[in-house]
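Enquirer: The chain contents come next:
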Amino acid sequence: MTLTKSAVLGVAVGAMLTTSFALNAQAADGHYIPLTTYRTGAFAGSGTPNANGMHDFFTMLNQRDGGIGGVKIIVEECETGYKAQKGVECYEATKGKGALVYNPYSTGITLQLIPKAPIDKIPVLSMGYGLSAAADGEKFPWIFNAPATYWSQASGVIKYIASRNKGDLKGKKIGFTYLDVGYGREPIPLFKALAKKMGFELMLLPVGVKEMQNQASHWLQVRKEKPDYMIIWGWGAMTPTAIKEAAKIRFNMENFIGVWWSGGQVDVRPAGKGAIGYHAMTFHGASTDIPVFKDIIKHVVDGPGKTLTKKAEDVKEIYYMRGVFNAFVVAEAIANAQKITGKKNITGADMRKGLETLNLTPARIKEAGFEGFIDSLKITCKDHAGANKMFVQRWDGKDWKKVSDWIEPMKDLVRPMLEEAAAKYVADKKDWVTQKCS
Amino acid sequence: MELLHQIFIGPFIEMAGAPDLLVQVVWEGFVSGILYALIALGFVLIFKASGIFNFAQGIMVVFGALSLVGLHELGVPAWLAVILCIGIMFVLAVTVERVVLRPLVNQPEIILFMATIGLNTFLIGFGETVFGGEPKTMITAELGLPTGVTDVQMLGGMVSFQHIDIAAAVIAALMVATLAIFFNKSKIGRALRAVADDHQAAMSVGITLQQIWVIVWFAAGIVALVTGIMWGARSDVSFALEIVALKALPVLILGGFTSIPGAIIGGLIIGISEKLAEFYWGPMVGGSIESWVPFFVALIFLWFRPQGLFGEKIIERI
Chain A
1 MTLTKSAVLG VAVGAMLTTS FALNAQAADG HYIPLTTYRT GAFAGSGTPN ANGMHDFFTM
61 LNQRDGGIGG VKIIVEECET GYKAQKGVEC YEATKGKGAL VYNPYSTGIT LQLIPKAPID
121 KIPVLSMGYG LSAAADGEKF PWIFNAPATY WSQASGVIKY IASRNKGDLK GKKIGFTYLD
181 VGYGREPIPL FKALAKKMGF ELMLLPVGVK EMQNQASHWL QVRKEKPDYM IIWGWGAMTP
241 TAIKEAAKIR FNMENFIGVW WSGGQVDVRP AGKGAIGYHA MTFHGASTDI PVFKDIIKHV
301 VDGPGKTLTK KAEDVKEIYY MRGVFNAFVV AEAIANAQKI TGKKNITGAD MRKGLETLNL
361 TPARIKEAGF EGFIDSLKIT CKDHAGANKM FVQRWDGKDW KKVSDWIEPM KDLVRPMLEE
421 AAAKYVADKK DWVTQKCS
Chain B
1001 MELLHQIFIG PFIEMAGAPD LLVQVVWEGF VSGILYALIA LGFVLIFKAS GIFNFAQGIM
1061 VVFGALSLVG LHELGVPAWL AVILCIGIMF VLAVTVERVV LRPLVNQPEI ILFMATIGLN
1121 TFLIGFGETV FGGEPKTMIT AELGLPTGVT DVQMLGGMVS FQHIDIAAAV IAALMVATLA
1181 IFFNKSKIGR ALRAVADDHQ AAMSVGITLQ QIWVIVWFAA GIVALVTGIM WGARSDVSFA
1241 LEIVALKALP VLILGGFTSI PGAIIGGLII GISEKLAEFY WGPMVGGSIE SWVPFFVALI
1301 FLWFRPQGLF GEKIIERI
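Protein chains in written order, with my numbering: chain A, 1 to 438; chain B, 1001 to 1318.
No lab work stands behind these hints: they were computed from the structure.
Because the structure is a prediction, the values reported are computed rather than measured.
A portion of the hints provided could be inaccurate.
Calculated Cβ distances over 12 Å to all of chain A for the following chain B residues [unchecked claim]: (1) Gly1051; (2) Glu1109; (3) Thr1147.
For lysine to aspartate or glutamate, the following EDC-like pairs were computed, each having C-alpha atoms within a straight-line distance of at most 20 Å [what the hints assert, rightly or not]: (4) Lys86/A with Glu1128/B; (5) Lys224/A with Asp1020/B; (6) Lys226/A with Asp1151/B; (7) Lys224/A with Asp1151/B; (8) Lys273/A with Glu419/A; (9) Lys226/A with Asp1020/B; (10) Lys298/A with Asp65/A; (11) Lys226/A with Glu254/A; (12) Lys343/A with Glu332/A; (13) Lys224/A with Glu1014/B; (14) Lys298/A with Glu367/A; (15) Lys273/A with Glu1142/B; (16) Lys226/A with Glu1128/B; (17) Lys83/A with Glu1128/B; (18) Lys1313/B with Asp1197/B; (19) Lys311/A with Glu1073/B; (20) Lys311/A with Glu1128/B; (21) Lys310/A with Glu1128/B; (22) Lys429/A with Glu419/A; (23) Lys311/A with Asp289/A; (24) Lys310/A with Glu1073/B.
C-beta: ideal position from N, C-alpha, C; glycine also.
Looking at chain A on its own, in the form it has when it is part of the complex:
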């Protein structure tokens, strides 16, 4: 071996060892939070701002407060490309480093991690996505989906549409176009139950991943069937293409409503003026004019903390804001776990307790700088989805504007269905870990 080759090899091995030790040391010295992100691939447009929001909030806490309870937060990203298999690989590669919680940002990855969480004793927080049935805390002690499940959201959309029709949806036709994967298919049982209960006709329009940017025939179907309303459960490139196609067939945008994962600027911008009037569900505000974002800009975006956002404007992206909210829930749960256990350095099991007793009161929300941005949130042993409230926003060509009050989901319908689905999920799993809530 020549001297040059030896030197190169030496440097490479040295770098690998240094990185490895550095990561292990970091995991032991702080709150270790792995982030399964997707900044690449077909869904990067939605995944990147999410990841940036989470990243920047944790960095801000490190810069401003020195971490949580005097302990720094260690964030390590693992790229999944929104692929479930990669997500599991990331999980397996990071769980041994003292991971406190996983935020998969993918229903597909969440479904894979659900059986692993009780074994490894690391909770999963799928904030506003994932398996709706996991809201049943007795059957899923390690899974949390606050502040709302997909089924809650589905009932909220229908409730909103009903409110625009004096509560009567009999004889109406509602189209549902969705990404034909686990995420998109998740709310179908709820929509079917609601169609039966409220007397509207449900029209299903699945869009395969390969057809995300090729939806002409789907929207010609809409032109033919003439539904009164369209609901979209899209992600990545699917939503902007659908909005463009809807504009192309002159579908009334005021009657086109997206899931909260189809309600970012990245979804409406490509359609230009054609997107004006499009609606989307959400569970948080769209304004950065609140203290927490000012702190993020001061300490991270314009400050000494390292940000991955390309420009200050990126903070105004809806999916960035959602990442911030997600990180806030994680941070509050860590602080809560520290309080409950009296420990500075907590474990995944402690984190589970922190999440399960999380109570974000209006006073705490104000103190943390989120006033006016989110509603109060209380997670309990039985209800891992917490508040469940949502509202509707409308795109006016420049900004998202709130157009409804906070909407409560149809709990009387949703909760029994959730419990039934949860019981069905665990029925054939012999050693499934459950808990009894008082």
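Starting from the structure of chain A, add chain B where the hints point.
Expert: Just chain B, lined up with the frame of chain A:
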């Protein structure tokens, strides 16, 4: 009986009942077909000249479109950005020839195919590093491409023609005509056909294989850039476009890997048949059949013509 009626009679009654919708569906299929054909054309050009199935053709479409939008975001005027992008495609062609193909001359074709998989991975990573993974909006207006719509009252209804779709059809036709003239009438074109027929024989009469490869990869790069612009204008420019490029596979199976007219006809057959199938037969089985119908159609054609509609029948003596 009812099922048979639903499959074999119902859709045709529906077509006759709303002929304007039928025309609209066929038009949408025609436009998609043109874009599939353009992607397939890139594959055909490279396959003809080198026998390589270029797995990276799809990402070249994304890379071309991203380069264009990326340059424009940096303040470069639209048409200058197009010229620079053509330059980028040339540099890419030279680099591929020098770094990937030249060291693999005389290697089995499967090795060259594997090399293009590597190239595909490299271009994804390189593109994401330089331009980021976020989707971008195509600079349609800045390029002077039309964005309006013309509604034509016909057959008791209305058919809408998006101007961008008409432009796509015209540009594709011009591009195919230019390529056909170039490859049939020019000296380089004849040299390319000679290389396609027999590498060794072509080299023995003084044709430089390396030069031909650069030209053909450059031509495929320009086709990819145009495809990226047109498809990007219809939706947006993102890495999801690479998935759409997979539709070129059934087009190639159907049209033949070595035929430019095959790519065009194959693209149109696939585009129109998938749209008709999704619209008229899709709802019977819950929809989303557009993803597999093209492969089904290609398989049926393969049954009767294994070499594709216009492909060369290869007879190998053993």
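Enquirer: Next step is simple, just say for each hint if it's right about the structure.
Expert: Taking the hints in turn, this is what the structure says about them:
1. Gly1051: Check passes; 27 Å lies beyond 12 Å.
2. Glu1109: 27 Å, holds
3. Thr1147: 9 Å, violated
4. Lys86/A with Glu1128/B: The given pair, whose Cα atoms are some 18 Å apart, holds under the 20 Å limit.
5. Lys224/A with Asp1020/B: 11 Å, holds
6. Lys226/A with Asp1151/B: At roughly 19 Å apart (the allowed maximum being 20 Å), Asp1151/B and Lys226/A satisfy the hint.
7. Lys224/A with Asp1151/B: Distance of about 17 Å is within 20 Å: holds.
8. Lys273/A with Glu419/A: The given pair, whose Cα atoms are some 43 Å apart, is violated under the 20 Å limit.
9. Lys226/A with Asp1020/B: Holds - the C-alpha atoms of Asp1020/B and Lys226/A are around 15 Å apart, at most 20 Å.
10. Lys298/A with Asp65/A: Holds - the C-alpha atoms of Asp65/A and Lys298/A are around 13 Å apart, at most 20 Å.
11. Lys226/A with Glu254/A: 14 Å, holds
12. Lys343/A with Glu332/A: This hinted pair holds, its Cα atoms lying about 15 Å apart.
13. Lys224/A with Glu1014/B: With Cα atoms ~11 Å apart, Lys224/A and Glu1014/B stay inside 20 Å; holds.
14. Lys298/A with Glu367/A: 18 Å, holds
15. Lys273/A with Glu1142/B: 17 Å, holds
16. Lys226/A with Glu1128/B: 40 Å, violated
17. Lys83/A with Glu1128/B: Judged against 20 Å, a Cα distance of about 17 Å means the pair holds.
18. Lys1313/B with Asp1197/B: Holds, at about 13 Å.
19. Lys311/A with Glu1073/B: It holds: about 13 Å lies between the C-alpha atoms, which stays within 20 Å.
20. Lys311/A with Glu1128/B: Satisfied, since the Cα-Cα distance of roughly 17 Å is no more than 20 Å.
21. Lys310/A with Glu1128/B: 14 Å, holds
22. Lys429/A with Glu419/A: 16 Å, holds
23. Lys311/A with Asp289/A: 17 Å, holds
24. Lys310/A with Glu1073/B: 13 Å, holds
Of the hints listed earlier, those the structure fails to meet are numbers 3, 8 and 16, in rising order.
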